[in-house]
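*Asks:* One-letter residues, chain by chain:
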Amino acid sequence: MTTTMKPQAQESSVRRFRTWWNSLPRPQQWAGVIPIVVLIYALPVLNPPFLTTEPNVFFPISMFKASVLVLVALGLNVVVGQAGLLDLGYVGFYAVGAYVAALFTSRDSVLHKLPYLATLPLAMVVTMVFGLILGMPTLRLRGDYLAIVTLGFGEIVRLLATLIPALKGLVGFQDVGHPPGTQANGQPIFTTTNGTAWYWLMVSIIIVILLFIGNLERSRVGRAWVAIREDEDAAQMMGVSTFSFKLAAFAIGAAIGGLSGALFAGQNGFQNNQDFGVNFSVLYLAAVILGGSGNKVGVMIGAFIVSYIPDRFNNLGSQKFLVFGIALIVLMIFRPQGLLGARQRLLAKGRTAYLTLVGRPEQLSSDSALVGEKGDDA
Amino acid sequence: MTERSPDVPAEGGIVAEVAHMTEAERSEHFSEVAEVVAPEREIAVEVGETLLEVRDVTLRFGGLVALDSVSFGIRRGEILGLIGPNGAGKTTCFNVMTGVYRPTSGQVLLEGALLGRRKRYQITRLGLARTFQNIRLFGEMTALENVVVGVDARHKTGVLGALVRSPRHHREEREVVEKASALLEFVGIADRAADKARNLPYGYQRRLEIARALATEPKLLCLDEPAAGFNPAEKEDLMGLIRKIRDDGYTVLLIEHDMRLVMGVTDRIVVLEFGKKIADGLPAEIRDNPAVIAAYLGVPDDGVA
Amino acid sequence: MHPITLFLADDNSWITFNVPAFKALFWPNTFNGLAYGAIYSLIAMGYTLVYGVLRLINFAHSEVFISGAYAVFFTLSFLGFGPFIPSISLLSLIGDLLLACIAAMVVSGIVAVLLERVAYRPLRKRNAPPLVFLITAIGASFTIQYLIEWWRGATAEQSVIMFKPQAIFTVFGADIDNQQLTIFFAAIVLMIVVDQFISRTRFGRGIRAVAQDPDTATLMGVNKERVIMLTFLIGGLLAGAASLFYIMRVPSGVQYNGGFNLGIQAFAAAVLGGIGNIRGAMLGGLLIGLIGNYGQTLLGNSQWSAVIAFIALVVILMFRPTGILGESLGKARV
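Protein chains in written order, with this note's numbering: chain A, 22 to 399; chain B, 574 to 878; chain C, 354 to 687.
Hints listed in this document are in silico derivations from the structure and should not be mistaken for laboratory results. Wrong hints could be hidden among the right ones.
Here are some chain B residues pointing at chain A (derived, C-beta under 8 Å) [as the list claims (entries may be wrong)]:
id: 1; residue: 585
id: 2; residue: 587
id: 3; residue: 588
id: 4; residue: 589
id: 5; residue: 693
id: 6; residue: 698
id: 7; residue: 717
id: 8; residue: 718
id: 9; residue: 725
id: 10; residue: 731
id: 11; residue: 745
id: 12; residue: 746
id: 13; residue: 764
id: 14; residue: 767
id: 15; residue: 789
Note that the structure is predicted; figures quoted are calculated from it, not measured. Cβ coordinates follow ideal geometry from the N, Cα and C atoms, glycine included.
With the hints as constraints, model all of the structure from the sequences given.
*Replies:* Below, the structure written as structure tokens:
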């Protein structure tokens, strides 16, 4: 750390918008958000021509897949963006969640069957346990080691899915369960083709998760995470028990990853050992980084872009990995804070506190801890 | 909602309000602030008794002896200065006292109990807070948030409480904001409470570090060269702040190079040279102590300082 | 709820240990393990050097390696090798192999240096935090992999068999063939050369100086940028040689993502031996090679070697994070 810290550039239009937005009282903010939420729910039904991914990919399914990636990105954001822990094996948690859903609902599995909806919290618990087991020895290590160990974990999960006969490798599990509910014609609502129903389920879950994450951010826990990511040693000396907070971030991120995997497996109806490679972990990371690591809204946008663009321009195929690999390199050089690297709010009673003390809401700026001392202003 | 003031000012907040107060109103306001900032902890020793004791501490880095059998105590309620020429071991001693280094031999006792092998954050929670020679604020957070992190150290809301916004969470969130706001006013930087720490002027950053350390409600506040980079006027202000902190009920340990500041604000001084303690006494005694003079200036030719 | 722990060897089993096979194949596995281990060591040295000097895990080093493998493939294909045992004189064979080795080293070296210039140097100039470097590293790794995939497709290239392994010695009932010997000794020689280069030459001193304290090294007149480039270059050359030995042993291994698995295991080896420590990388590589071979026999599938390498890595990091020989090229910062 150097002796002084450098100030930042003046306001841009994005910042001015954000300042204006934050000066609004809460009820007005809610009122502004609701139309957007309604629009989001309506998307697969509307299927707007400029947005549609058809005829390449059925639009509701594409939206569902995007929403899965959004949830994944939110979970990874807790680990990477909030606590600053580089997790390169997040796909491992996703896979564990998917397999939990499959193992407890598929007719191919020898385990006792559970209703699908019960496997969702179960998946979260199991992945959380994995996260704790993985985190406890490794979160004490340096950041670089954590990256490589998490990478290893992701790989181990993938390999075990192939190597352990009971997990059925490539053959996989058929008939993974789904939430209850039948349509008028006797067919279940949540089939593998009814993307809209699954999408609505996902969006609702995402909203709930967003609320929870928001609560965490504006609390002692969220502040501890930002302190750790800014300067872990100084945080320790200010009384922050860094290890337990890092472990909490890791476990929470894992649980959300597991939940996404279980939901994906349900919609997919089938679960095998494909699509759990490191390249997906990197894709998830790209979603978080692109959108703005540490910023909930940013990573949702990033995830949407990462999922939607290859669907829209279907001639990308596996080139999407190339595109996003290059995107990572370029971003890190020119805009490491991502699209919306906005600073988060850290105080539950912040608005009133600032208004009381200085008569205006807080200053905001669009940089994250990924910008170095010289930033892009110097 | 915070209970700060029944008439929440529309323009400029409390800061602006204070600027328009009369002398009497202002001193009343600031004594209220000082009350909020004052420590509430139980401290086992009385004022004037030994709070922290460094007992025969030796620290070796391989073959290098950084500290050699250093012993002294800090009494509750005093301002103790730790001085010495460059390389004397002040910062090393400081680090041993605040638990950053473990001594090769010897002990550090707080209120008579060994510091022992604790994690750093536990030592802070025990009551030892410090600032840093090169500023280590959380640059991305606002000034208020930086101080709040310090106050958080004394609170207990965890993941579960935060997730569901338990009553304890609500209560602690109110308290942290109140305490942190008072601390910002106490050190005099409340007007920039909403600014990112990274963007604050240097003087404000130094004082923010002090506020943040105070927020952990330390039994002993350790300041590592708090006046580095200050001009004489700022040093005067700092001296006033340190006295104010002590008067509010805190005990202060100070490392400083500026002799005028040290002589002006401390009650007692400990002098180190080459890792050994060479003097321990009142400022006036230290100033005339030949060993101290020799350490700083070399042996004078004619025996007169 | 059915109990989850089953050790039955059937379609629903979880893990089985094949102890008889392990005992029977112990010595062949040992020799094989040492040969593979030598390959890991060469790659591990690249990781360890870059980490020692820059505190950076160069994730893209596995792609530096696989680029060399492609060079080997193209050179040997051009010279007439293919999925058959060649019938040429020993002299021609040695000449061809040397040519392929040089090609591989050149290509890998170039890729390594380019990587440094294009991806990492701009970050150094902007004083980016370490997290950013790691993200770029992984981005670079993927960029190179998928560039290759775009160019050559997703399937492995045709095999290029260099020569048929022939048993030379028989020790403890197990054969040691000429391939294993070639690989092992060539690798050892290379590693000794690099080790001596680092410890005795002026350039080597520069590397050690920058590893310990970049700023002071610069003040002492060391050209930091040149040292960094040299470090990447050496890592690249070693990886190129490793790729030749790898293809020698696994002729079908030339594939866009062929470097990944090896790279991870080689990195585990570097950490195992002590990241930043050259000799540690050598030792770690051999150990990982041995452990991997034993493990895959014990558990019945070659892919277990990667799993075991990781578990070994985590266990080592838990109990001795500085690795077996400790960190030494420059003291790594906490």
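*Asks:* Look at each hint and say if it fits the structure.
*Replies:* Structure-based check of all given hints:
Using the Cβ-Cβ criterion of 8 Å, the hint placing residue 585 of chain B at the interface with chain A is satisfied: the shortest such distance is roughly 4 Å. Because the closest C-beta pair between residue 587 of chain B and chain A is about 5 Å apart, less than 8 Å, the hint holds. The interface hint given for residue 588 of chain B holds, since its Cβ lies 5 Å from the closest Cβ of chain A, which is under the 8 Å cut-off. With 8 Å as the threshold, the beta carbon of residue 589 of chain B comes within range of chain A, its nearest partner Cβ sitting at about 6 Å, so the hint holds.
Residue-level restraint check for residue 693 of chain B holds (minimum Cβ-Cβ distance to chain A is 4 Å; threshold 8 Å). For residue 698 of chain B, the suggested interface contact is upheld, since its CB lies about 5 Å from the closest CB of chain A, less than 8 Å. Interface restraint check: residue 717 of chain B against chain A, minimum CB-CB distance 6 Å, threshold 8 Å, status holds. Against a cut-off of 8 Å between C-beta atoms, the interface hint on residue 718 of chain B holds, since the closest Cβ of chain A lies about 5 Å away.
Interface restraint check for residue 725 of chain B: the shortest CB-CB distance to chain A comes to about 5 Å, inside 8 Å, so the restraint holds. Proximity of residue 731 of chain B to chain A holds as hinted, the smallest CB-CB distance being about 7 Å (cut-off 8 Å). Given hint, residue 745 of chain B at the interface with chain A, holds; its Cβ is 7 Å from that chain's nearest Cβ, closer than 8 Å. The beta carbon of residue 746 of chain B comes within 4 Å of a beta carbon in chain A, closer than 8 Å, and the hint placing it at the interface holds.
Using the Cβ-Cβ criterion of 8 Å, the hint placing residue 764 of chain B at the interface with chain A is satisfied: the shortest such distance is roughly 6 Å. The interface hint given for residue 767 of chain B holds, since its Cβ lies 4 Å from the closest Cβ of chain A, which is under the 8 Å cut-off. A least Cβ separation of about 5 Å between residue 789 of chain B and chain A falls short of the 8 Å threshold, and the interface hint therefore holds.
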